[in-house]
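Asks: Kindly produce the complete structure, drawing on both the sequences and the hints.
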Amino acid sequence: MARVEIPLGPQHPALKEPANFALSLDGERIVGAAVNLGYNHRGVEKACEARNFTQCLYFLERICGICSHSHSTAFSMTVEEVAGVEIPPRAQYIRVLIGELERLHSHMLWLGVAGHELGFDTLFMLSWRDRELVMDLLASICGNRVNYGINKLGGVRRDIDETVKETILKVMDQFEEALKYYISLATTETTLAARTLGVGILSYEDAVTYGAQGPTSRAAGLDRDIRRDEPYTAYADIPFQVITDTHADVFGRVVVRALEMVESCKIIRFVLDNMPDGPLSVKFPRKIPPGEALGRYEAPRGEDVHFVKSNGTDKPERVKVRAPTLANAASYAVMLQGNYLADVPIIVAAIDPCFSCTDRAISVVDNRSGREGSLDWKALRQYSIDWYRNQGVAFDGLNRKG
Amino acid sequence: MSYTEEELVARLTERFPSVTTTEQRERRIWLTSPREGFIDLLTYIHDDLGFNMLCTVSGLDAGEEFQLIYHIAHDCGIVINARVSAPADNPVFDTATNIYKGGVLYELEARNLFGLTILGIPEDIRYPLPENWPQGEYPLRKSWVLPADRVPESDEQDTPSEDTPASAEGASPPVIASEGEAEARQSTVAVASSISDTAQNPASSSPAEGSDNG
Amino acid sequence: MKLADKIMTWARVKSPWVLHFNSGACNACDIEILDSLTPRFDLERFGIVLKGTPRHADVLLCTGPITMQTEERLLRIYEQMPEPKFVVAIGTCACSGGVFNGCYCIKGGTDTKLPVSAYIPGCPASPAAIIDGVVKLLGSLQE
Chain A
48 MARVEIPLGP
58 QHPALKEPAN
68 FALSLDGERI
78 VGAAVNLGYN
88 HRGVEKACEA
98 RNFTQCLYFL
108 ERICGICSHS
118 HSTAFSMTVE
128 EVAGVEIPPR
138 AQYIRVLIGE
148 LERLHSHMLW
158 LGVAGHELGF
168 DTLFMLSWRD
178 RELVMDLLAS
188 ICGNRVNYGI
198 NKLGGVRRDI
208 DETVKETILK
218 VMDQFEEALK
228 YYISLATTET
238 TLAARTLGVG
248 ILSYEDAVTY
258 GAQGPTSRAA
268 GLDRDIRRDE
278 PYTAYADIPF
288 QVITDTHADV
298 FGRVVVRALE
308 MVESCKIIRF
318 VLDNMPDGPL
328 SVKFPRKIPP
338 GEALGRYEAP
348 RGEDVHFVKS
358 NGTDKPERVK
368 VRAPTLANAA
378 SYAVMLQGNY
388 LADVPIIVAA
398 IDPCFSCTDR
408 AISVVDNRSG
418 REGSLDWKAL
428 RQYSIDWYRN
438 QGVAFDGLNR
448 KG
Chain B
1137 MSYTEEELVA
1147 RLTERFPSVT
1157 TTEQRERRIW
1167 LTSPREGFID
1177 LLTYIHDDLG
1187 FNMLCTVSGL
1197 DAGEEFQLIY
1207 HIAHDCGIVI
1217 NARVSAPADN
1227 PVFDTATNIY
1237 KGGVLYELEA
1247 RNLFGLTILG
1257 IPEDIRYPLP
1267 ENWPQGEYPL
1277 RKSWVLPADR
1287 VPESDEQDTP
1297 SEDTPASAEG
1307 ASPPVIASEG
1317 EAEARQSTVA
1327 VASSISDTAQ
1337 NPASSSPAEG
1347 SDNG
Chain C
279 MKLADKIMTW
289 ARVKSPWVLH
299 FNSGACNACD
309 IEILDSLTPR
319 FDLERFGIVL
329 KGTPRHADVL
339 LCTGPITMQT
349 EERLLRIYEQ
359 MPEPKFVVAI
369 GTCACSGGVF
379 NGCYCIKGGT
389 DTKLPVSAYI
399 PGCPASPAAI
409 IDGVVKLLGS
419 LQE
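Protein chains in written order, with the working numbering: chain A, 48 to 449; chain B, 1137 to 1350; chain C, 279 to 421.
Quick caveat, the hints were computed from the structure, so don't treat them as lab data.
There could be a bad hint or two in this list.
As the list claims (entries may be wrong) - Straight line, CA to CA, 25 Å or less: simulated BS3-like cross-link-like pairs of lysine-lysine:
#1 A:Lys362 / B:Lys1237
#2 B:Lys1278 / A:Lys334
#3 A:Lys227 / A:Lys217
#4 A:Lys425 / C:Lys414
#5 C:Lys363 / A:Lys425
#6 B:Lys1278 / A:Lys356
Said to hold, decoys possible - Some chain A residues near chain C, calculated using beta-carbon distances under 8 Å:
#7 Phe106
#8 Arg109
#9 Tyr435
#10 Leu445
Every residue, glycine too, gets a C-beta built ideally from N, C-alpha and C.
Replies: So this is what it looks like as structure tokens:
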């Protein structure tokens, strides 16, 4: 049987430093790429088996510090299905509200990270400043900037009253105004386009083959969004557009995320205008009858899948979580191939990976000279900014210090 | 292209009579198949029915047997959950990566965490376990428990562990931050309005005055 | 702003260069650290500079629990830092292992491996708490 192409490394086990990315170069072009994905494995699924369902809920929220509500809601939905419990409509709407606010903060965060990787630090500062509008909102609604804890099994823990509603609407006015700038930046800024067009291509076919998710796949024209394809919580009632693009490159991923933020603002307004009255939660049993269920949620990065099996006790028999970054990371080898070493930072960042941005190490082998070396991420980013600056492509004119 | 659940159940049952096919609810179909013919089943699901999105593969330790469940979705929103099992004393499966190429990561994960054999995927890749994880330990097996000497030290312990480097120059007792955010936590309206002042002029990056006393 | 004046004094006396290392975190604390560098919180006005290499760093900011994968790397980084050096545990996971204690790849909080000079709890630690903790550390160094 032919060996299946495995996009995992390291390719050169002789290197002492474990590399997150192992690249083979021909001159400055990448001819092979392998990714080490296991370094963030903690043992969460096993730990769930020793916790009761409620403990699991707040535990799983902390799998990822950006899409915590995604995991919390996906888990709640799945467990509620196993238990045969339907949560009240008002709770469904509140889950949507927080989920879309999370999408806003996540995409803004990504925009800043992308800017930082490109050397466009003003974009980083501006987008993270505007992101604070959403962070403050989440903190005032839920009590925390991250790990909101809004969900409980059976519903939600906090209500959206008239004062909160007015605050959200006011922030939406400000945020939508700020968004105009980012959209025009994303779609018309020539330096940004020069750094992202044609870079990190993942074709429609490859996106399907490797199971790419979320904006990464929608930028290649895949018309998939769990909110529409398999509406959960209250999405069946809510009109919105699924944003796709055909560029299939990093530029496409920028555009898709920028326009998705506009849609999220519309969804938030609709939710506030149409929120049904009623209770926030229903009673939920401590022990859940035996059963299995699969839950799917459209997180900012793509599909988040939770599989839960119960055995009649108050602890799960099995919890399986597949976060979207894992599905997207399988495409890295294809996306990196054929690009310049200087494109690595933005290509890696463009799937919006949910792993630490600080400690990625790269090992590089130049096939022509046979030389091997390793780079830390900061050195690679600087190399990339300098390399493009030498070609006349730089954000120096746009980066202002005040 | 869209299906109803009934239609799918009918087609699968007719084509694969040895496979138990049930509709759990709207958009969820569950299959249980013996190992024999499982790859043909997945090929049919992919090629004939057009289910081309493998969401993930869940491994299960069911005591007498190990199970793999392939969760496969279609654009219309229906998910087929295809389960295959093997006896616990000889858990051998066949890879589905010739059909679902991107599924190699999920199969590796199930294989390495449960200690299964999946024919057709590289044996030397230990993903997701770290390189220094002991060989022969399969943490997701129900029978596996974290050995006592690897349980993290509890909070009650005051003395540092023996392999902690000596503290620098008679270090003062550790500082513990209070939740200083009480001062910084303003009402959302106040903060939002101060940020909006700077939002009028994106070229300026000076922070709003007096809005944050960290 | 009295507090800011005090901080400016310390900053003139000692402007710490910090290195940030994530030993297994979910990223929330890492993002809040980066957030504290953005204009709203602006950690840099206190003279705190984020460095890329241990050889120039005075302070090591650790996030996340220590995992099997990162343990050796963390120790090596600490050893490469010149004296005097200080370690700050940011976030509940770095303080004590947090919710991840009991997970099979987790060793515990930062202090299972390194001497910690300041603990900044929170899940995640907010930018305000991070600034508060770092400022307190600077203050204790003055004494």
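Asks: Run the distance test for B:Lys1278 versus A:Lys334: straight-line Cα separation, threshold 25 Å.
Replies: holds (20 Å)
Asks: Is the interface hint for A:Arg109 satisfied, with its Cβ closer than 8 Å to some Cβ of chain C?
Replies: holds (5 Å)
Asks: Mind checking the alpha carbons of A:Lys362 and B:Lys1237 for me, to see if they're no more than 25 Å apart?
Replies: violated (34 Å)
Asks: When you check the alpha-carbon spacing of A:Lys227 and A:Lys217, does it fall within 25 Å?
Replies: It holds: about 16 Å lies between the C-alpha atoms, which stays within 25 Å.
Asks: Does A:Lys425 lie within 25 Å of C:Lys363 when you go C-alpha to C-alpha?
Replies: holds (22 Å)
Asks: Per the CB criterion, is A:Tyr435 less than 8 Å away from chain C?
Replies: violated (19 Å)
Asks: Regarding the pair B:Lys1278 and A:Lys356, is the alpha-carbon distance no greater than 25 Å?
Replies: holds (14 Å)
Asks: Would the hint on A:Leu445 be counted as holding, given a Cβ-Cβ threshold of 8 Å to chain C?
Replies: violated (16 Å)
Asks: If you draw a straight line from the CA of A:Lys425 to the CA of C:Lys414, is it 25 Å or shorter?
Replies: At roughly 29 Å apart (the allowed maximum being 25 Å), C:Lys414 and A:Lys425 break the hint.
Asks: Holds or violated: is there a CB of chain C closer than 8 Å to the CB of A:Phe106?
Replies: holds (5 Å)
Consistency note: the structure conflicts with the earlier hints numbered 1, 4, 9 and 10.
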